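Asks: Chain by chain, the residues:
2 protein chains.
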Amino acid sequence: MRTLTAQDLSLNTATVSKQWDLAECIDGCARHGIGGISPWRDRLQECGVDRAAKLIRDAGLGVSGLCRGGWYTAEGALTQAVIDDNKRAVDEAAAIGADCLVMVVGGLPEGSKDIVGAREIVTEGLGKTLDYARSAGVKVGIEPLHPMYAADRACVNTTKQALDLCDQLGDGIGVALDVYHIWWDPDVADQIARAGKDRLLAFHVCDWMNPTQDMLTDRGMMGEGVIDIPAFRQMVEAQGFDGLVEVEIFSANNWWTKPADEVLARMIAALPVI
Amino acid sequence: MRTLTAQDLSLNTATVSKQWDLAECIDGCARHGIGGISPWRDRLQECGVDRAAKLIRDAGLGVSGLCRGGWYTAEGALTQAVIDDNKRAVDEAAAIGADCLVMVVGGLPEGSKDIVGAREIVTEGLGKTLDYARSAGVKVGIEPLHPMYAADRACVNTTKQALDLCDQLGDGIGVALDVYHIWWDPDVADQIARAGKDRLLAFHVCDWMNPTQDMLTDRGMMGEGVIDIPAFRQMVEAQGFDGLVEVEIFSANNWWTKPADEVLARMIAALPVI
Chain A
1 MRTLTAQDLS LNTATVSKQW DLAECIDGCA RHGIGGISPW RDRLQECGVD RAAKLIRDAG
61 LGVSGLCRGG WYTAEGALTQ AVIDDNKRAV DEAAAIGADC LVMVVGGLPE GSKDIVGARE
121 IVTEGLGKTL DYARSAGVKV GIEPLHPMYA ADRACVNTTK QALDLCDQLG DGIGVALDVY
181 HIWWDPDVAD QIARAGKDRL LAFHVCDWMN PTQDMLTDRG MMGEGVIDIP AFRQMVEAQG
241 FDGLVEVEIF SANNWWTKPA DEVLARMIAA LPVI
Chain B
275 MRTLTAQDLS LNTATVSKQW DLAECIDGCA RHGIGGISPW RDRLQECGVD RAAKLIRDAG
335 LGVSGLCRGG WYTAEGALTQ AVIDDNKRAV DEAAAIGADC LVMVVGGLPE GSKDIVGARE
395 IVTEGLGKTL DYARSAGVKV GIEPLHPMYA ADRACVNTTK QALDLCDQLG DGIGVALDVY
455 HIWWDPDVAD QIARAGKDRL LAFHVCDWMN PTQDMLTDRG MMGEGVIDIP AFRQMVEAQG
515 FDGLVEVEIF SANNWWTKPA DEVLARMIAA LPVI
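Residue numbers (the numbering used here), protein chains in the order written: chain A, 1 to 274; chain B, 275 to 548.
Hints are computed from structural coordinates only; laboratory data are not their basis. These numbers were taken from a predicted model, which means no experiment stands behind them. The beta carbon of each residue, even a glycine, is placed where N, CA and C say it ideally should be. No incorrect hints appear here.
A few chain A positions that, by computed beta-carbon distances, are all more than 12 Å from chain B:
1) T3
2) V49
3) R57
4) W71
5) I83
6) K87
7) D91
8) G127
9) D242
10) A252
11) P272
DSS-like, lysine-lysine: derived pairs with alpha carbons at most 30 Å apart:
12) A/K160 / B/K471
13) A/K128 / A/K87
14) A/K160 / B/K434
15) A/K197 / B/K434
Sample of chain A residues with no beta-carbon within 12 Å of chain B, all distances over it, derived:
16) Q19
17) G28
18) R43
19) G97
20) G172
21) K197
22) A238
23) E262
24) A270
So here's chain A without its partners, still in its complex pose (with noise of 0.2 Å):
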């Protein structure tokens, strides 16, 4: 495995959402050596996307992705604006040089019982966003969501399925692997094997709490769980992946109530246990 540095990692602004603007997270990626950055969008906007490609270039950062495309179920169908948002999405990819554009492609609509339908819905949007990312240039990678988002958030729920989607869907398509969502997987050791290094397009690392207190913000610092990183990573490295390691942690009632500054030291702290 690669000796990891500062360098290697990617802040995700959702890391320090509560402390931090797009602005600032630049600034502090910089300050503390981080190599780079991957922006949410809600952030990207509020920044506006000229003006953040700027910084994220003078501050010399790499783009692991942009967070994030998908939602394809929000209307219950595969409605025009959900497709052109999802072309908005590829867009700002592109303006700001990412790696990929991160897909967390929808649960189940309002109402509905049928994952099996949610998830037509979403191979189709992903085929058509895809169809403008490669003319954009902009690579999609797929995010397995844990099984416990299936309803809410995403009902692709392992890399199987992911990649199973890629190969459906051809090229510039892969996956987005982060060790939350998958270290329970009994198949993720061969389905990683599977994707190979042109579909493992970003590798994000957080730590599973146990107990976990929140379905959603009660994510940890690498090293605070029971997740074995470095299992995965040298997983996706024996794979050829050499990207930006990115460091994404939704955290309510710790991590998110701390000044970004000591977040991000930390993260750099935890570089032994990635």
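Take the given structure of chain A and dock chain B to it, following the hints.
Replies: The following block gives chain B in isolation, referenced to the frame of chain A:
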């Protein structure tokens, strides 16, 4: 599919665990015309195994399972104490004539991040219990638990993984499938078909609330949530499953606060959505 009646239902005692002891559950099932029961071991031991067996027999109830054996990782390694406790569970299941001993296999050992190692402990433990269970004429039902319980309750998290274990361990072992744990799984239909009648030892129902407020105790009555329960019943019945449909609901803020007779009446009222 069969047309279900109350006689096809089984009450898992956890559903009214805050209201009734085992004797009251048995009496309640008989009064409501519910055909079966599935006791938890603490309630069984509190009642006394021989007395419980007689009460169940006298009430004419089926026994869809005994909850639960397993927890092989509880002491960090497969200790004699853990093995012996599982033998006692087998004896208890035999004494009450349970269709199977339901296995919640255990999560990560205290302080461990080694889920692969935990799964090895579980496999060895299941093998030992199975040897004993065969001699006692008891079937062992592995319950794959939702991946959100991988750390703290069970590191067997998919139907495929459970069936792989069954393949490895041989006769006398199968799966106890709860829609709550498996509804999200994109591979579940194929795996239920793979299981076949002989390995479909139990079928549990409740519902997934959207949103879910608590990872353990916010399960819904059938129909309250987003699971297409009839789709799952169709899958297991297509394989020949004709056993009791067991209702197991953990619901701290709703069903555990209501009079137990009301809960049983609602179970029966939910028959059309099972």
